[in-house]
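**Q** Spelled out from the first residue to the last, the chains are:
There are 2 protein chains.
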Amino acid sequence: PKPWFLCKLCQVVWNKHDISMKIGIVGLGLIGGSLGLDFRALNKHTVIGVSRRPETCAKAIQRGVVDDAHTDITFVASADVIFICTPIAYIASTVDQLIPHLSSTTILTDVGSVKASIVRTVEPLWPNFVGGHPMAGTAESGIDAALSKLFVDRAYVITPTQKTLPDSIAMIESLARSLHSKTYICTPDDHDRAVAWISHLPVMVSASLIEACLNEPSDDVLTLARTIASSGFRDTSRVGGGNPELGMMMARYNRDEVVRSLKAYQTQLSTITQCIETESWSELEEILQHTQTSRSTFL
Amino acid sequence: PKPWFLCKLCQVVWNKHDISMKIGIVGLGLIGGSLGLDFRALNKHTVIGVSRRPETCAKAIQRGVVDDAHTDITFVASADVIFICTPIAYIASTVDQLIPHLSSTTILTDVGSVKASIVRTVEPLWPNFVGGHPMAGTAESGIDAALSKLFVDRAYVITPTQKTLPDSIAMIESLARSLHSKTYICTPDDHDRAVAWISHLPVMVSASLIEACLNEPSDDVLTLARTIASSGFRDTSRVGGGNPELGMMMARYNRDEVVRSLKAYQTQLSTITQCIETESWSELEEILQHTQTSRSTFL
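As they're listed, the protein sequences go chains A and B.
Here our numbering is used: the first residue of the first sequence is 844, the next is one more, and so on.
Here our numbering is used: the first residue of the second sequence is 844, the next is one more, and so on.
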């Protein structure tokens, strides 16, 4: 049912996208599975999936993640839009396997947490590709971890290039909005630089904190530190104690930006260390006042 | 009423400490005020307080934080135990002012978040001093922020020296346990080294993260980073966006340990940065696996 209040232009967009589609999902893990649950819940699309493991296909059908699933990748080739939800390392090879079976109108998109390297690799293989990054997740993984409404109110970043078809961008944006995500459009490079700051750098910063504490030479002090650690340490160390594979992928596929952010971070850390060493208290106070007032501009 | 099941030894301890005492509190802010609320709730002690501001005294009486309060420091001199809950910078001068009015049996204790420098200064002034650190707090401060049961299940670290009277240690431990805190006894130096790791270092690490992000030269990227920042950034940056005065005090009064922990931290950070720069992925994986499994040994 169309809301009556849409303006002419919006109605054109609405009519274009409020259509029943065939949505393919390759990789039925946490993200792929959760996308399937939500797209099916809209009661207008057909969702078909591919997983390498027959048990995952069976479970996906049983859990209502997909209408149907298969281990053969050609099973999703007839879809209008295909979401590639494999680990980053398999995105390019998945596209390679799909291409011979696609019609030229098929839109490919992915959900990888880095974008520049993926877009640079996939776009030449399939021009109708739209890079995407739904910024949601839990500590779990796999089809069992799939959750409905995982993307509600979360950022969904879409990273087209100058070559990406405007209609395909609009289609992915419309699908992301149908999940109640907040959509943002930027270049792959800007995406990678921004996630280096707010997601990848924090992991390295936080992991270094845990490692540094563990290197305390006195057993008494380490035991005491372990015992009295509370919310401050818990929060600052949380992402450093997360999934190591995820941390690896960030570093590996967003290497240049992560290194760049780490070096800028080290400069700040040296400034603070020097303030304390030289007892430049007013300078330290200025920094800590700045971080206090500025933190609220994030989040 | 004595529980019937106490053994002989416990009964001796119990009889000794299950007594009505006169408790003095100097500084009726978040910690001093919360201590007063809890000690009064035990319905056996008399709690008297001192604040420099008459309005704070009036409010403390009205809120039931103390039985009585006064702006004159000699008002608490008749107490059996005096908790000095002023900012760290005023602890020594408070002790100086109190000393001429105390009986030799009066136990002085403090609640400062660093211990070595305080104990080193105060013990020569008043040998019956027991350093203490109730590890509880909120983002708020002042008498209005005082909360009952603030110390329940929180660590209360007591830092005697070889000169501290065993009876005085036992008395402070008993009072801390009556708040349902978990008590720990260690040297002032071990305390300061442990809190450097789990409390002070995290503040500097977290503040540096905020500062580094803010130095991103591209406005577009910074705006995007601000917009898509979520739980990972929120948690890692939390303590770096906290009260600047508290961060200053940590650095100032625990300078050597904070600098030491920062240097050890920088070494770890460099190791991780180098792993990423040189693409030593198996080494990075090992580190991240180690931080994942080790984090749970804290907390």
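It is worth saying that the hints were derived from the structure and are not from the lab.
There's no promise every hint is true.
When chains are identical, the list treats them as one kind, so a pair holds in a single copy or across two.
To be verified - Straight line, CA to CA, 20 Å or less: simulated SDA-like cross-link-like pairs of lysine to any residue: (1) Lys865 <-> Thr1140; (2) Lys1025 <-> Ile1012; (3) Lys887 <-> Lys992; (4) Lys1025 <-> Thr914; (5) Lys992 <-> Leu885; (6) Lys865 <-> Thr1114; (7) Lys1106 <-> Thr1116; (8) Lys865 <-> Ser1123.
**Q** Work down the list of hints and note, for each, if the structure agrees.
**A** Going down the list of hints, with the structure as the test:
no. : hint                : result
1   : Lys865 <-> Thr1140  : neither (40 Å within a copy, 48 Å between copies)
2   : Lys1025 <-> Ile1012 : within (15 Å within a copy, 57 Å between copies)
3   : Lys887 <-> Lys992   : within (17 Å within a copy, 54 Å between copies)
4   : Lys1025 <-> Thr914  : neither (32 Å within a copy, 55 Å between copies)
5   : Lys992 <-> Leu885   : within (11 Å within a copy, 48 Å between copies)
6   : Lys865 <-> Thr1114  : neither (55 Å within a copy, 48 Å between copies)
7   : Lys1106 <-> Thr1116 : both (15 Å within a copy, 8 Å between copies)
8   : Lys865 <-> Ser1123  : neither (63 Å within a copy, 42 Å between copies)
Comparing the model with each earlier hint shows violations of hints 1, 4, 6 and 8; every other hint is respected.
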